[in-house]
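Line by line, the protein sequences give chains V and E. UniProt numbering numbers the first residue of the first sequence as 1 and each following residue consecutively. UniProt numbering numbers the first residue of the second sequence as 1 and each following residue consecutively.
There could be a bad hint or two in this list.
Distance windows between CB atoms, simulated [said to hold, decoys possible]:
| hint | chain 1 | residue 1 | chain 2 | residue 2 | range |
| --- | --- | --- | --- | --- | --- |
| 1 | V | G157 | E | E77 | 29 to 37 angstroms |
| 2 | V | H216 | E | F374 | 56 to 64 angstroms |
| 3 | V | G157 | E | S415 | 51 to 59 angstroms |
| 4 | E | G272 | V | D162 | 41 to 49 angstroms |
| 5 | V | M101 | E | R492 | 51 to 59 angstroms |
| 6 | E | L354 | V | T194 | 28 to 36 angstroms |
| 7 | E | Y269 | V | D162 | 41 to 49 angstroms |
| 8 | V | A39 | E | F374 | 35 to 43 angstroms |
| 9 | V | Q126 | E | S266 | 48 to 56 angstroms |
| 10 | E | Q25 | V | A39 | 54 to 62 angstroms |
| 11 | E | H419 | V | A65 | 50 to 58 angstroms |
Derived from the structure by calculation, the hints contain no laboratory data. Model, not experiment: these values are computed from the prediction. Every residue gets a Cβ at the ideal spot worked out from N, C-alpha and C, and that includes glycine.
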Amino acid sequence: MSTSTTLEAPNSGTWDGGNEPLKASYGKLMMWFFLLSDAFTFGALLIVYGLSRHKHLPYTGDPDAFTFSTEWWPIPEKVYNAFPGLHGMDLPLAFVALMTMILILSSVTMVLAVEAGHRMDKNDVQKWLLWTILFGSIFLGCQAWEWAHFISGDDTGMVLSDGTQIFGANLTVNQYGPPLFADLFFFITGFHGTHVFSGVVLLVMIFINTVNGVYHKRGHYEMVEKVGLYWHFVDLVWVFVFTFFYLI
Amino acid sequence: MSSADISIHKDVHHAHDEHDHHHDQNFFEKYIFSQDHKVIGKQFLFMGILWAFIGGFLSILFRLQLGWPEATFTFLEPILGGWIENGKLNPEFYLAMVTMHGTIMVFFVLTAGLSGTFFNFLIPLQIGARDMASGFMNMLSFWFFFLASVILFISLFLDSGPAGGGWTVYPPLSALPQAIEGSKSGMTLWLIAMALFIVSQLLGGVNYITTVINLRTKGMSMTKMPLTIWSFFLTAILGLLSFPVLFSAALLLIFDRSFGTSFYLSDIYIAGEALANTGGSPILFQHLFWFLGHPEVYIVILPSFGMVSEVISTNARKPIFGYRAMIGSLLGIALLSFVVWAHHMFVTGMNPFLGSVFMFLTLIIAVPSAVKVFNWLATLWRGNIRFTAAMMFSIGFVSLFIAGGLTGIILGNSSLDIHLHDTYFVIAHFHLVMGAAAFFGMFTGVYHWFPKMFGRMMDEKLGYIHFWLTFVAVYLVFMPMHYLGIAGFPRRYYSWTTFDSFSMFGDLNAFISIAAIIGFGAQFIFLFNFIYSIFKGRRASMNPWHSNTLEWTTPPLPGHGNWPGEIPAVYRWPYDYSKPGAAEDYIPQTVPFSETQSSNLPHEKDLE
């Protein structure tokens, strides 16, 4: 028992120091904590959305007789019903459903890239990263189209009380309903889009590194994993944004 | 990557004497764009001290106005230029000064200056790490803070003046540039500076948290960590979760200001003209702001809790009383700090039932706070107290925390708060409990860890003079403010002489101003002591306070990598002071139980 030597071992349990108690490197932990923090940023914005919406009256009449008015918050299906190339058709939420599918698909390819990284399969990592970049970029392109359509408006527009008609929306004027509806749409989807854009930039960076064999020389593809965490987070946030803006 | 760095420097240390630092680093890498946590900590400290003097100077300026409202201040013209008109302070500038005093003190001194200094300096040293998890991000954290500082500093010199809507920047005042001078470009720069500041906090925060989780040395379990590290760890988590909400709020405010959105604006008339904004809610901003704002006051005070616990235990030569209760109360305060924000908003017309929920939660904070106070007092009780300068400030901290905390219970009651809201009673409360107290915590830290930072001792006698003048001045300034506040004296008023009911307080206001000037003057004693001791102070030994924690096992001026040899392992908690049967009155954490058989307690026999 009492060997009375300074070489005796200190405690060595999971949380006794000298190890990684959560079985994650510091880089991965940092990403997790950053995402936690970012979740609060988005959480605050979505709460702003909820409260702002709550302050406005909902539309109570017959859905078929719905018209855009600043008096009430619009019904999402009536706002997001356009599809590129199919002008004039009423396709509620079809386009945004497609966008969402593409983004979720990009998460799947990201998982495959991370998995290939675990196998140290450089070619597969490249392949799946490229797919992820492609789907991410398509999502951004779709968002650009949706924004463009939202800004230019549809054929009916909104008739104001003085008889003038307005088309489309910007940060101060909004054909679809109260100005705040457009403000929140632009701000929150824009903030999310910025995140997706940063994610695509990160993906391109790690794609270049992968091609140059940086991670292969390093002996692990953890950087792919870290960017993967970010990418999944951005997808997850989109699910919430989608729910708030398009479904509820 | 950073582990590769560290092993290089370890080799350097093996090759050289431990006291010199011949790295192949040039001046810029070593002192300016340094990635060493100790240098970054000192950079934060110097910036913090600089900001503290600017913030303090602003408070003296507006105390002059409040103390002698009829006087003319032509002698200030050389400094303030256009802000003095015919010897009278410009009222808009008065508001800007109040705003900047608050912003500077809360964010730039007591958040970045205090946390930045001691988190960076102490976390790796006290948990036994070579450096922070990511030195590069740590460096970025400082430089983002520096950039934020430069922008805020520039805003002081704008023609329209710095931000003037109060440090809480409530819209619509802050959202409409045409409302006051202080909402023009000064406000824009304020928002940009804060956004950069939040990025800095975030970079620092993830670093602090991951370092504490992953880089503790062998044996340093969570319940063997010094209370300083516990408080820093929880503070970093608070910052990580609350600052992003301010970030969102600030971004929305920027859009309202510059791009015509209506998140916070609705139905506003300015000079008889209606603005187009509809649908927004200024109360929404208050909710978002105080969701940060309330945790923020704990971000300011929690680090001081930790440092004071450490210094009181060391200098009372007694184990801290209730170590686990201290951790528990820190956790309790951290948790509660997220669910009490609306007690800042009792007068916004919120549902009285909701108000009483927030009141209830607020008053619960008194419990963990009281646990801490009783534990400090019990640690002092019958201790073999050494009155070092750091110890004086620690005891002063406890005194201020009690004095300011008691009025918190009064203000937490929604019915009383309706009377006291926005009066000098509130000013007195928060200046005692988080302003002056956090400053005392900061002084505690500087006096106590100065030997490890600069390898020299600060002058004790000057430290005593600094302490007594500051301590007395703080009470002379803030105690009378309670009376002013109970009488209804409103805060942020440029001039009160036109109100008959307050005319009787002229002498009291002058008295407060004189005390404030004395208190501010005393800080120059500290400044002299600080700078003089860096160059000419008595050389410090390795462990001048006979303390137990790991940083005192490093050389007097630890180099890159902190420990010249292997990182020491930890065997015991950090508070084995005056243990019966021990040879000395302290047993450092690195001493195994097998070496202290005469002092081991029955349950520790097994650990031999």
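Hints, verified against the model:
1. For G157(V) and E77(E), the hinted distance range of 29 to 37 angstroms is not satisfied, since their beta carbons lie about 59 angstroms from each other.
2. Range check, H216(V) to F374(E): about 59 angstroms between beta-carbon atoms, so the 56 to 64 angstroms window is met.
3. Roughly 52 angstroms separates the CB atoms of G157(V) and S415(E), a value that falls within the hinted 51 to 59 angstroms.
4. Checked against the given bound of 41 to 49 angstroms, the beta carbons of G272(E) and D162(V), roughly 22 angstroms apart, lie outside it.
5. At roughly 54 angstroms, the beta carbons of M101(V) and R492(E) sit within the given window of 51 to 59 angstroms.
6. The supplied range of 28 to 36 angstroms is met by L354(E) and T194(V), whose beta-carbon atoms lie about 34 angstroms from each other.
7. Roughly 21 angstroms separates the CB atoms of Y269(E) and D162(V), a value that falls outside the hinted 41 to 49 angstroms.
8. Taken as a hint, the range 35 to 43 angstroms holds for the pair A39(V) and F374(E), whose Cβ atoms sit roughly 37 angstroms apart.
9. Checked against the hint of 48 to 56 angstroms, the pair Q126(V) and S266(E) passes, with Cβ atoms roughly 53 angstroms apart.
10. The hinted range of 54 to 62 angstroms is not satisfied by Q25(E) and A39(V), whose Cβ atoms lie roughly 39 angstroms apart.
11. Between H419(E) and A65(V) the Cβ separation comes to about 53 angstroms, which falls inside the hinted range of 50 to 58 angstroms.
Hints 1, 4, 7 and 10 from the earlier list are contradicted by this structure; the remaining hints agree with it.
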